[in-house]
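Using the sequences and the accompanying hints, generate a full structural model.
Residue numbers (full-length UniProt numbering), protein chains in the order written: chain F, 1 to 86; chain S, 1 to 86; chain D, 1 to 86; chain V, 1 to 86.
Since no wrong hints were added, every one of them can be taken at face value.
In this list, chains with the same sequence are indistinguishable; a pair is considered to hold if it fits within one copy or across any two.
Straight-line alpha carbon distances no greater than 25 Å define the calculated PhoX-like cross-link-like pairs of lysine-lysine that follow: (1) 31 with 46; (2) 53 with 39; (3) 64 with 53; (4) 31 with 63; (5) 53 with 32.
The hints are simulated quantities; they were obtained by calculation from the structure and are not laboratory data.
4 protein chains.
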Amino acid sequence: MSDEITESSQTVAAGQLRAFIERIERLEEEKKTISDDIKEVFAEAKGNGFDTKAMRTIIRLRKKDQAEREEEEAMLDLYLSALGMI
Amino acid sequence: MSDEITESSQTVAAGQLRAFIERIERLEEEKKTISDDIKEVFAEAKGNGFDTKAMRTIIRLRKKDQAEREEEEAMLDLYLSALGMI
Amino acid sequence: MSDEITESSQTVAAGQLRAFIERIERLEEEKKTISDDIKEVFAEAKGNGFDTKAMRTIIRLRKKDQAEREEEEAMLDLYLSALGMI
Amino acid sequence: MSDEITESSQTVAAGQLRAFIERIERLEEEKKTISDDIKEVFAEAKGNGFDTKAMRTIIRLRKKDQAEREEEEAMLDLYLSALGMI
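Printed below as a string of C-alpha cells:
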C-alpha cells in the first residue's frame, strides 16, 4: 500500500517527507541544546569574573594562524595611527 | 605637503582613508535613520489595529509575482495535506 | 604553583581561562557539525525531488499549534484579499 | 464609500493597510539603495588599495570612546598573553 498523496496533479511520498522533516527537527533540537550549552559556559565564565567580550574576540582570533593575526594587527595599528586614534 | 603615514614599511594616505571612513559613517547613519523610520511605520500600523506579522508576510509576498506565489502556495498545501496538518 | 598572569594590575587565571575557551570551542565544533548535517538532510531531500523551501515553511509551521496557525492564516488571507492579491 | 473588506467576522481598512505597506516598501527601497552605496564606497576604497577589513574594524572602534577602547584592548592583551598568543 502506498502513502502517496496527490493534489492538483502533484504527488508526494508522505512517509518519506515526514521522515526528512523529523530528521531535521531532531537535528535542530540538538543544535538548540548546544547553543544553550555555549551560553551556559559563557555565563559560568562571567560568574567566575571573566570578560566574555574579550573571550569572544580570543575565540575568533584563535581560528587564524599567528602570521595572519599579526598582519591584521599591523594593518589596524597603521590605520589607527593614521587617524590619530592611538 | 603629504599626509602619508608610514609604519613598519607600510604607508597610508591618511586623508584619503579618513574621507572613505567618514563617507561610510554618514551612509550608515542614514541607513540607521531609515531603519528607525520603518520601525515607526510598523508601530503606527500596530497602533491603528493592524497585525504587523501579517503585514511582514504581505511585504515579502509582494516581492514575488502572482504565478510564483501560487506555485509556492500549492506546494505548501500539498505538503501540509501529506502531513495531515490541514 | 599558580598559573596566574598579571598585566597592568590585572590578573587572570590562565588555566581556567583556557579551559573555558576550549570548552566553548568544542561546543562550537559540535554545533558546526550539526549545521552541516542539517544541510545534508536538506540536500538529500532535494535529491529525492522534495521542495526544500516548502519543507522549511512546514518546519516553521509545525512549531505552532493548529489554532495559532489557522488564526495567522485567516489574518493573512484577509490582508491578501484586501490588497487584491487573491 | 468605504473600502472596508470583511472576511470571517474581521474587517480591514484596505486603503489604510495599502498606504502603510507602500510606505514601508518605499523605505525598504531607500535602505537597499544606501546599503548598495556603502558597498560601493568599500569597493572604491579597495580599488584604491585600502584594506577593507581593517576599515570595518576602525569604523566599529570609532563608535566607542578612547577610554572604553583602551580598556578593552588591555583586557584582550591580558588574555592573549595568558594564552601565550602574544
